[in-house]
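Given only the sequences and the hints, what does the whole structure look like? Please build it.
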Amino acid sequence: AQSVTQLGSHVSVSEGALVLLRCNYSSSVPPYLFWYVQYPNQGLQLLLKYTTGATLVKGINGFEAEFKKSETSFHLTKPSAHMSDAAEYFCAVSNTGRRALTFGSGTRLQVQP
Amino acid sequence: DTGVSQNPRHKITKRGQNVTFRCDPISEHNRLYWYRQTLGQGPEFLTYFQNEAQLEKSRLLSDRFSAERPKGSFSTLEIQRTEQGDSAMYLCASTIGTGGAGYTEAFFGQGTRLTVV
Chain A
-12 AQSVTQLGSH VSVSEGALVL LRCNYSSSVP PYLFWYVQYP NQGLQLLLKY TTGATLVKGI
48 NGFEAEFKKS ETSFHLTKPS AHMSDAAEYF CAVSNTGRRA LTFGSGTRLQ VQP
Chain B
54 DTGVSQNPRH KITKRGQNVT FRCDPISEHN RLYWYRQTLG QGPEFLTYFQ NEAQLEKSRL
114 LSDRFSAERP KGSFSTLEIQ RTEQGDSAMY LCASTIGTGG AGYTEAFFGQ GTRLTVV
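Line order of the protein sequences matches chains A and B.
The first sequence runs -12 to 100 under the working numbering.
The second sequence runs 54 to 170 under the working numbering.
Think of the hints as simulated: they come from the structure by calculation, not from any bench.
These figures come from a predicted structure and were not determined experimentally.
Using N, Cα and C, we set each Cβ at its ideal position, and we do this for glycine too.
Errors might be hidden in some of the hints.
Claimed, not checked - Result set (DSBU-like, lysine-lysine): computed pairs, CA atoms no more than 35 Å apart in a straight line: (1) Lys45(A) x Lys110(B); (2) Lys64(B) x Lys110(B); (3) Lys110(B) x Lys36(A); (4) Lys67(B) x Lys124(B); (5) Lys110(B) x Lys67(B); (6) Lys55(A) x Lys110(B); (7) Lys56(A) x Lys110(B); (8) Lys64(B) x Lys124(B); (9) Lys56(A) x Lys36(A); (10) Lys64(B) x Lys36(A); (11) Lys110(B) x Lys124(B); (12) Lys36(A) x Lys124(B); (13) Lys45(A) x Lys55(A); (14) Lys45(A) x Lys56(A); (15) Lys55(A) x Lys36(A).
Said to hold, decoys possible - Derived list of chain B stretches under chain A, where covered just means 3 residues or more per stretch with a C-beta under 8 Å from a C-beta of chain A: (16) 91 to 100; (17) 161 to 168.
Given below as structure tokens:
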């Protein structure tokens, strides 16, 4: 069984400040890990993914995440927040089998001017 | 190809009515997934198809729900005798299932928002 825990349902940062969204996962097999972004009344867009190889992965819009197996974490960061980053962010886990995604409950990011 | 398309985008129905949603995946994608997302929660897996075969159904998919993917192209999700608890966003995603250890990205549609009154 797999599960994802996102710490903090709401995160507020100032424009230009560091963004840190936390994600911990549980998986009995080597995981594939993802971050998705969702804007209001829209579907999900993939920000970045970890499958194998380098544990620091870079995604779109300046986001990156680091897979830490010992901590079972995959936290999302961005050095400098922009107003357009305000959205809901979901961490998800999958595996090599059916590839269905198990999502966390999401973190709503607010960016203050 | 413009991506995964879902219709309708919004549906309001009275409790007890049947509703059907459609998903058109990216044309070369052989895997198609349905998810349900309630307010303030992440999407939850409902079912998936590889080509026309329905390979897995979540326990969330009660007997009032049925999904089909005839000819391995578009898919429909039908909910019979809708209940207020069925109100949610229903998301469809598609990808290429290689069967191996490689991964290809799942692309999501914009979803169908169902409101049961």
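Each hint tested on the structure:
1. Lys45(A) x Lys110(B): Cα-Cα ~33 Å, so holds.
2. Lys64(B) x Lys110(B): holds (24 Å)
3. Lys110(B) x Lys36(A): Distance of about 25 Å is within 35 Å: holds.
4. Lys67(B) x Lys124(B): Judged against 35 Å, a Cα distance of about 31 Å means the pair holds.
5. Lys110(B) x Lys67(B): holds (26 Å)
6. Lys55(A) x Lys110(B): Given pair lysine 55(A), lysine 110(B) holds - Cα atoms ~31 Å apart, limit 35 Å.
7. Lys56(A) x Lys110(B): Satisfied, since the Cα-Cα distance of roughly 30 Å is no more than 35 Å.
8. Lys64(B) x Lys124(B): Holds. Lysine 64(B) to lysine 124(B) sits at ~26 Å (cutoff 35 Å).
9. Lys56(A) x Lys36(A): holds (15 Å)
10. Lys64(B) x Lys36(A): holds (33 Å)
11. Lys110(B) x Lys124(B): holds (19 Å)
12. Lys36(A) x Lys124(B): The given pair, whose Cα atoms are some 31 Å apart, holds under the 35 Å limit.
13. Lys45(A) x Lys55(A): holds (15 Å)
14. Lys45(A) x Lys56(A): holds (17 Å)
15. Lys55(A) x Lys36(A): holds (13 Å)
16. 91 to 100: holds (count 6)
17. 161 to 168: holds (count 5)
The structure fails none of the hints (numbered hints given earlier).
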